[in-house]
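A.B. asks: Chain by chain, the residues:
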Amino acid sequence: MEKRVRFNEDHCKSCELCIGVCPKKIIRLRTELNRLGYHPAFVPDEDQEKCISCALCARMCPDAVIEVFRP
Amino acid sequence: MNPVYTRPKSLTNVVTHYCPGCTHGIAHRLVAETIDELGIQGRTIGVASVGCSVFAYNYFDVDFQQAAHGRAPAVATGIKRVRPESIVFAYQGDGDLASIGMAEIVHAAVRGENITVIFINNAIYGMTGGQMAPTTLVGQKTTTSPFGRDPGTQGYPVKISELLSTVKGAYYVARFSLHNPANVQRAKQGIKKAFQNQIEGKGFSLVELLSTCSTNWGMTPQNALKWLEENMIPEYPLGEFKTGEGE
Amino acid sequence: MSESLLMKGNEALAEAAIRAGCRFYFGYPITPQNEISEYMARRLGEHGGVFVQAESEVSSINMVYGAAGAGGRVLISSSSPGISLMQEAISYIAGAELPCVIVNMSRGGPGLGGIQPSQSDYFQSTKGGGHGDYRLIVLAPATIQEGCDLMATAFDLADKYRNPVMILGDGMIGQMMEPVVFPEVLDAASLPHKPWATTGNEGRERNIISSIYLDPEELDAHNWRLEEKYRKVRENEVRYEILHGDDAEWFFVAYGTVARICTAVIQRLRKDGVKVGLIRPISLWPFPDEAFEKVVDRAKGFLTVEMSTGQMVEDVRLAVNGRKPVYFYGRTGGAVPTPRSVERRLRDMIDGKAPSQTDYFDRVGGAKK
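Chains as they are written, first to last, in the numbering used here: chain A, 1 to 71; chain B, 1 to 247; chain C, 1 to 369.
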């Protein structure tokens, strides 16, 4: 399955700005830490199809972590 | 899959030193998107300032000079006068631009230097640990206004966009906010206009971006966006203050 | 051979800069060097150059930083208080290793001081001035012709070592008129290529001009790399003149305007059979220690004469290193040592009537009581 919303999790600082703007509320934080010591944001595989590719998350991300695609 | 949003190629692929949720990152991204869209990466020269954006040169894949505190508009002037064909932008915070660098920004505008200035206003000194900035709001607590900014002894916030809009030599002066996606999108359009102006030789353009400093404001990144919207925008109204040279 | 022109020092230096390929000048008005700015404002445009009058010395020197970083051949000029204002950026320019030429037509201080000639910026020029471990190459002309010749040298040294170079004159060098011969205007194509400059990164890795190194190990390495560069400058760029080095027993040590006065005194004294000579540092940094090595064995004493309360004399004492006595005579604030007063102090020194070496000659003559 190709992902609609992809996170460069190594660069995420878990600021949650993406979570705040996602209209579908499908972005979560991982329980594991990335190498920076943050819980990176991600969209679970099962929720990828709920993404409407609005890219609000990407436009709010201060770390250019998120890329968004449309099927 | 068709790309809707991909990482701008004018950003270097590194983790920034900015705190989680710092809107400097958004501003960087918007500038990089603009550089990409205008196709000017190979001829853009940035000027980093002193403050949190001191390392801006690490994050843009363009030539860069790092300037002394407040002097970025003078450094940008020097670059632009030597290389008028280059696209020169200064990236400055509010301590840098609105306090120690007030003379440099005003006179760059007075001369109508054909440069672009990105001005980050987050109402505080971030890098040095949350001291009062010239843009700090009345009553706002900082480490050097621990009881809230008192206008009786510490004066009132400096409104850079309003001030520069009175300068005849300035071509484009506008203030935007980065607190939500719609405003980020408007800010992007303003930044693009500010660069486009330079390409067309129209002269001095400054874009003020209301930004957050969740670390030194002492709140979560999301609450900081809310605080910005509720407290900064009433003091710093958004909009284009000047489009076109002259009074 | 070009014709000889009678020109004021400041204007001649400006013309010399243009002929040396300088196309960018940033300035701010201050006496006694305004003729440099005014000349550049009139003439630089004829050569396709750019003149900017900045809002302050602080801004003008930061324009130099930007312009030098963008690969321009850049000149700035000012006088003592203005040079003080520039010190932060000069430190940045040295730290970021940018080439530029700075003219200081120095005047009396401290503070607002006066507008008359002075040499009281020697420490500021040669020992740092701004913060951090760095050096300026400092060249001190004694005539307008020499100033013009040194202007071309200064630009070349700045590019060669990627370091700011100062031409340290004084109000007298700037204001007086002398005949001067200029070289032809340098062909811009002959200027060195600057692959490190910020010119846009089309087709190459990006260039970054910066002086920040937050990692102590990196800053330490940077500082020692700079020091290695300065060592090469010390080895290769010492400039000086010795008069009567073959037979003199007593030596004046003086630079710039004061060296001219000492030269006049030497002519008179030698008619009386006094074996007196002159060491004239032209590069104040690097200081010409080797000039002293050449004469110290035969010398009976050195008299340093300055328009200061005693600044270069410290470097003279370091060079002589206690082997022979070093005396000092100075006037300040625009008061210029007269040939007569200089001659009298030299005779006092010969006659053993000089004050102790750590003291100084009384300004009204003879040893301080």
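A hint or two may mislead.
Per label pair, the in silico range of CB-to-CB distance [claimed, not checked]:
no., chain 1, residue 1, chain 2, residue 2, range
1, C, G111, B, G244, 39 to 49 Å
2, A, R30, B, P3, 22 to 32 Å
3, A, R30, C, A221, 49 to 59 Å
4, B, T6, C, K127, 47 to 57 Å
5, A, Q48, B, P146, 27 to 37 Å
6, C, R225, A, L36, 52 to 62 Å
7, C, P195, B, E200, 27 to 37 Å
8, C, P183, B, G246, 41 to 51 Å
9, C, N321, B, T128, 18 to 28 Å
10, C, G203, A, K3, 28 to 38 Å
11, C, N236, B, P146, 34 to 44 Å
12, B, N223, A, L36, 45 to 55 Å
13, B, E229, A, K3, 23 to 33 Å
14, C, P183, B, Q185, 35 to 45 Å
Chain C regions said to be covered by chain B (calculated; three or more residues, Cβ under 8 Å) [stated by the list, open to error]:
no., stretch
15, 145–158
16, 197–207
17, 287–301
Derived by calculation from the structure, the hints in this document are not laboratory data. Predicted, not measured: the structure shown is a model, and the values here were computed from it. Every residue gets a Cβ at the ideal spot worked out from N, C-alpha and C, and that includes glycine.
A.B. asks: Now tell me if each hint is right for this structure.
C.D. replies: Verification of the hints:
no.	hint	verdict
1	G111/C to G244/B: 39 to 49 Å	holds, 45 Å
2	R30/A to P3/B: 22 to 32 Å	holds, 24 Å
3	R30/A to A221/C: 49 to 59 Å	violated, 39 Å
4	T6/B to K127/C: 47 to 57 Å	holds, 54 Å
5	Q48/A to P146/B: 27 to 37 Å	violated, 48 Å
6	R225/C to L36/A: 52 to 62 Å	violated, 32 Å
7	P195/C to E200/B: 27 to 37 Å	holds, 30 Å
8	P183/C to G246/B: 41 to 51 Å	holds, 46 Å
9	N321/C to T128/B: 18 to 28 Å	violated, 46 Å
10	G203/C to K3/A: 28 to 38 Å	holds, 35 Å
11	N236/C to P146/B: 34 to 44 Å	violated, 56 Å
12	N223/B to L36/A: 45 to 55 Å	violated, 22 Å
13	E229/B to K3/A: 23 to 33 Å	holds, 32 Å
14	P183/C to Q185/B: 35 to 45 Å	violated, 59 Å
15	145–158	violated (count 0)
16	197–207	holds (count 8)
17	287–301	violated (count 0)
In terms of the numbered hints stated before, the structure departs from hints 3, 5, 6, 9, 11, 12, 14, 15 and 17, listed from lowest to highest.
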